[in-house]
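Participant: Quick mapping for you: the protein sequence lines, in order, are chains A and B.
When you line the first sequence up against my numbering, it's residues 22 to 431, in that order.
When you line the second sequence up against my numbering, it's residues 22 to 431, in that order.
All clues given are correct.
Which copy is meant is left open, so a pair is good if it fits within one copy or across any two.
Straight-line distance between alpha carbons at most 27 Å, and here's what the computed DSS-like set of lysine-lysine pairs gives:
#1 K88 / K113
#2 K309 / K408
#3 K298 / K268
#4 K72 / K113
#5 K65 / K88
#6 K408 / K145
#7 K268 / K61
#8 K197 / K408
#9 K88 / K72
#10 K88 / K112
#11 K268 / K65
#12 K298 / K375
Just so you know, the hints here were simulated from the structure itself, not pulled from any lab data.
Number of protein chains: 2
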Amino acid sequence: MYALALKCRNCGAEYELAPFYVCRKCLGPLEVKYSYEELKLDKKELTNRVKSIWRYRELLPINEPLKFLHMDAGFTPLRRAMRLAEILGLKKLYIKDDTVNPTGSFKDRPASIAVCKSIEFEFKAVGCASTGNLAAATASYAAKAGIPCYVFIPSDLEMGKILQIASYNPVVIAVKDTYDIVNRLATQISELHNIAVVNVNLRPYYVEGSKTPAFEVCEQLEWTTPDYFIIPMGSGALLCAINRGLKEMEVLDLMRNDVKLVGVQPEGCSPIVSAFKKGMDDIVPIEKPNTIVKSLAIGDPADGAYALKALRESGGFAEAVNDEETLDGMRLLAKTEGILTEPAGGVAIASLKKLVEDGSILPSETVVCYITGSGLKTLEVLERGIKPIIVEPDLNSILELLGGGKYGGG
Amino acid sequence: MYALALKCRNCGAEYELAPFYVCRKCLGPLEVKYSYEELKLDKKELTNRVKSIWRYRELLPINEPLKFLHMDAGFTPLRRAMRLAEILGLKKLYIKDDTVNPTGSFKDRPASIAVCKSIEFEFKAVGCASTGNLAAATASYAAKAGIPCYVFIPSDLEMGKILQIASYNPVVIAVKDTYDIVNRLATQISELHNIAVVNVNLRPYYVEGSKTPAFEVCEQLEWTTPDYFIIPMGSGALLCAINRGLKEMEVLDLMRNDVKLVGVQPEGCSPIVSAFKKGMDDIVPIEKPNTIVKSLAIGDPADGAYALKALRESGGFAEAVNDEETLDGMRLLAKTEGILTEPAGGVAIASLKKLVEDGSILPSETVVCYITGSGLKTLEVLERGIKPIIVEPDLNSILELLGGGKYGGG
Chain A
22 MYALALKCRN
32 CGAEYELAPF
42 YVCRKCLGPL
52 EVKYSYEELK
62 LDKKELTNRV
72 KSIWRYRELL
82 PINEPLKFLH
92 MDAGFTPLRR
102 AMRLAEILGL
112 KKLYIKDDTV
122 NPTGSFKDRP
132 ASIAVCKSIE
142 FEFKAVGCAS
152 TGNLAAATAS
162 YAAKAGIPCY
172 VFIPSDLEMG
182 KILQIASYNP
192 VVIAVKDTYD
202 IVNRLATQIS
212 ELHNIAVVNV
222 NLRPYYVEGS
232 KTPAFEVCEQ
242 LEWTTPDYFI
252 IPMGSGALLC
262 AINRGLKEME
272 VLDLMRNDVK
282 LVGVQPEGCS
292 PIVSAFKKGM
302 DDIVPIEKPN
312 TIVKSLAIGD
322 PADGAYALKA
332 LRESGGFAEA
342 VNDEETLDGM
352 RLLAKTEGIL
362 TEPAGGVAIA
372 SLKKLVEDGS
382 ILPSETVVCY
392 ITGSGLKTLE
402 VLERGIKPII
412 VEPDLNSILE
422 LLGGGKYGGG
Chain B
22 MYALALKCRN
32 CGAEYELAPF
42 YVCRKCLGPL
52 EVKYSYEELK
62 LDKKELTNRV
72 KSIWRYRELL
82 PINEPLKFLH
92 MDAGFTPLRR
102 AMRLAEILGL
112 KKLYIKDDTV
122 NPTGSFKDRP
132 ASIAVCKSIE
142 FEFKAVGCAS
152 TGNLAAATAS
162 YAAKAGIPCY
172 VFIPSDLEMG
182 KILQIASYNP
192 VVIAVKDTYD
202 IVNRLATQIS
212 ELHNIAVVNV
222 NLRPYYVEGS
232 KTPAFEVCEQ
242 LEWTTPDYFI
252 IPMGSGALLC
262 AINRGLKEME
272 VLDLMRNDVK
282 LVGVQPEGCS
292 PIVSAFKKGM
302 DDIVPIEKPN
312 TIVKSLAIGD
322 PADGAYALKA
332 LRESGGFAEA
342 VNDEETLDGM
352 RLLAKTEGIL
362 TEPAGGVAIA
372 SLKKLVEDGS
382 ILPSETVVCY
392 ITGSGLKTLE
402 VLERGIKPII
412 VEPDLNSILE
422 LLGGGKYGGG
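Just chain A, same shape as in the assembly (with noise of 0.2 Å):
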């Protein structure tokens, strides 16, 4: 394993690889360090590797990832999409479509390598707080180990997810408040109880799951970068593993990172993008978030700061759409692409087309949109738009509906 130790993201010090996740000297996060040096990652051998996270295992925590190959998330479709572009007026856009891991959604990327890690040390029971999709992953991954798995999720989740979370046959906690009272909840809980909670005691593990659609991109580019990297931003997490991913690759001499990171998030809930068009250091949390992109809905965000940070590093932009903008996004992407993606997806493309009217990005840039969850598990939301025409069965009349003319033979 080239996987050394665990270290703290602001201080510095080092840890051994251990479930926890908090600095003992300043209380900083921590995240896991690797011995790039002895590392050496050959282009052509890769691609004869299995197509799931595991096409990367020397940068991910695992001491035995062969043991892990059938909890295969990830090596997601990079799909052209070339009637979204021209709509939009870019000449190469391109969706990272995760709608197809196999719970339908990224977290099936952090969980199973969490769910793994949580076999390695020895935990009885794993669990998570989420806001669905982490719910989902770790509990299918957990049902697929014969693990016992806890979930905590706000009540008030769409009920497409809570129906998809319980069939896997967690116990599932729901719990009257928002994402971030569940989520302290989760970690005192984690203190008490002899649980791997993924996102919390064993998080910097876990993390390290979501920094794969970095490298599957590159590889699918043909190892070159896009301009523009689209990521939806609820605890930040995930933009903050992109970046570390697509620089690894870069110290590994993989590719040239110049990409820019576009980080996005609903109106209703955007402390990171309200820090960043401000040109503030500190985020405000937002106490009651209010949109309909719930996956999203993390008022006050763990690694905020850290995406803050990446997203100005990289010379990105941050934007934040509301909820209409967030359902045409939607609607967009479907009738296009085919790709009926989650709100959280509709967010990254509603913030994409903003980016293109206002001149932020050129026609002539490369555009990665990251879709990270299947529409599938929020369909309530569409529910408003849709009116099939319903009919009795009676040929004439329908007939009569499809005109006769515009694609009329006989």
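Use these hints to put chain B onto chain A, whose structure you have.
Facilitator: Chain B alone, transformed into the frame defined by chain A:
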């Protein structure tokens, strides 16, 4: 292209490759005829190809397959199901997991082939008659191709499926009657309008997409075959297509085909299973299917007689289960393997359970169970059994809930 002609499945009459589907001589159904003698597939070369239906492009009736590589359904995972196998009492069980296809079902395979073919035939619009999955797939690929799409569905479909279909922006015509009537209306409309109705006038091309799981499973099992291949049956077309794919693999000398096919249906609509069990050659249509498994609620199965013949020739079985068993099958798969299936997959798992319990399938035999679609499309059927624990945001009451004991630490 290795596709030579359309050939009548009954009388053998041959026709040019055009958009029609019924033999002018005997009214039998047509299928695509290939020049297998001229075709040589190299196993090693195959493994370097794209991981989609286009991997086996020589066995698909498309003139320019390379033009359509972006229509990339298929090559879904074959997952070893260790925990489920143990519970069922089997040594080797695999799940062919089509829940991760782009629109969440196996119908992405035939729909994408048919949409490609409609482009080659220069149709100006596509459509389909569907119990849900096909409509979503057709609408999605039509959106991607930028072609108008008309879908005909029974108006009592699951709301989730209707919302998914509508998101891709086709004209949705919901008919107040059974699938069989919807299908008849779509057939009449295909004759009057210049629309490529994918499962009607393009049916011979369309069904070719459904044989691709056979190719993939053989390759994924390192060019061996399972003892049993469990396949849900609606119209019976999927089972016939997989049978055809297995035979083609043998003709091309890629493996020996001794697979026993198992066709499964819900009790509330099991005309093929009934005929099989009674030893009859004729299938008695069901006028009013009554089952939660709407994707299989086809009372008058177009390919029923052919499916029956294939089942018998292979030495396999046919089995039916009731709605309660179906739900149990869905829950069992989710909680042991972390895979959420639509009800059709629940029928497959529950039928497998029955066949192992009654000794039809032996513990030592290798089984592949085809999970044809994602449970995210039909979450409402799960609603009954699901009850999250709703709690106030209070640490002590949650700790009490967790029992403090089992995984208790501090």
